[in-house]
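Chains A and B, in that order, give the protein sequences.
Residue 1 is where the first sequence starts when you use our numbering, and the numbers rise one by one after that.
Residue 1001 is where the second sequence starts when you use our numbering, and the numbers rise one by one after that.
Since the hints were derived computationally from the structure, they do not count as laboratory data.
Errors might be hidden in some of the hints.
[Claimed, not checked] When the alpha-carbon atoms are kept at most 30 Å apart in a straight line, the in silico DSBU-like pairs for lysine-lysine are as follows:
1. K1200/B <-> K1059/B
2. K1087/B <-> K134/A
3. K1087/B <-> K48/A
4. K1087/B <-> K46/A
5. K141/A <-> K1009/B
6. K121/A <-> K1009/B
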Amino acid sequence: MAQKKEPSLIILVVVLTSIALVAGLALTGVYALTKGPIELSQKQKKEKALSDVLPGFDGTIVDTVVNFEGDDILVHKAVDKNGKLFGAGVETFTMKAFSGRFDLMVGFDNEGVILNTEVIKASETPGLGDKINKNKSDFAKQFNNNDPAEYKLQVTKDGGDVDAITAATISSRAYCDAVQRAYNVFMKVKEDYHE
Amino acid sequence: MSKVKILTKGFFKENPSLILVLGMCPTLAVTTSVNNAIGMGAATTFVLLMSNIIISLLKNVIPDKVRIPCYIVIIATFVSMVDLIIKGFLPALSESLGVFIPLIVVNCIVLGRAEAFANKNSVFDSILDGLGMGIGFTISLILVAAVREILGAGSFMGWQFIPSQYNILIFVLAPGAFLVLGFIMALMRHIINRVEDKRKDKMCAAK
């Protein structure tokens, strides 16, 4: 390699540019190829999450966007056959997660009792914070069938009713934060709801 | 060097994380469970293999002065491709691996092999080197992860066999990773020294 003639600046630029160009083109191709399947799988995941957080519901879903403290939050209102509010699935989030942000779907019945929670998108630390996922630990199950009006959505360390995940207090606090936000949004939606 | 040796040197003698001490970030960060280790190892092996092939093909085209940016572009492209393909076609795998895939870009093993091997050797040798290094990396990840998962979470590949109240939490946390890695490295050194001593003894005896 040492005895090779020193290439001119132009060659350096041309080679690097063309490699970047080819890489960019290849990536564009793969992106175009995978865009559809990625969107489809995310949509399916959301639909599955919605049916998981509203167990036993059989009626129509009405989507509304609620502006809450400056953030747009999507609420899937579940309306039964008689036009009564069965509950809602709230697409909530938190910015207090260990990795910044994660997204949850929280289902409430018409009283505001938490039916179920489901993680939509999270990138918490594997082995620690990712225990917010139900297939990794039972942490998320403790929220079910509790009414946040009397069930304090804070970890026990902060004087609340939620048992935090060992060694993942930040993720546990963030989960509580997201559920609390969902509850506040749901109460707002419930107030505004007219049959 | 024989072809077999190129393949197998990554397993033990030049094991990337335990002997060359490359790619410490994933070795410490993702080894909380054996499943994660296998996934990370497999994804890294694929990227290593592909980047070794391309870089070895382009070794006469890329000028020395801009080789590092060129290698990084090539590696990053493959990582992004793997990320997109897994997300699109294997959503279940993406759920358990999603967070690690982008981490491969910063794995020094991939760049290290491009720099130390692929840009000087033939395509076929580079394929063997990439495979060998990838497998060696996977083996060492599994070793570290097995110790950490058994002691820290009381399970192996998600199968719990020690009740959670007897788990030693520190092994799941970062300090545990350093401890386990240190002990395994020391053990590797010890074994290699022993083997070399024996070889020397044999040579002396033969004389």
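Hints and how they fare:
1. K1200/B <-> K1059/B: Since the Cα atoms of K1200/B and K1059/B sit roughly 38 Å apart, the hinted pair is violated (cutoff 30 Å).
2. K1087/B <-> K134/A: 21 Å, holds
3. K1087/B <-> K48/A: 17 Å, holds
4. K1087/B <-> K46/A: 15 Å, holds
5. K141/A <-> K1009/B: This hinted pair is violated, its Cα atoms lying about 48 Å apart.
6. K121/A <-> K1009/B: Distance of about 40 Å is beyond 30 Å: violated.
Taken one by one, the earlier hints fail for this structure at numbers 1, 5 and 6, listed in ascending order.
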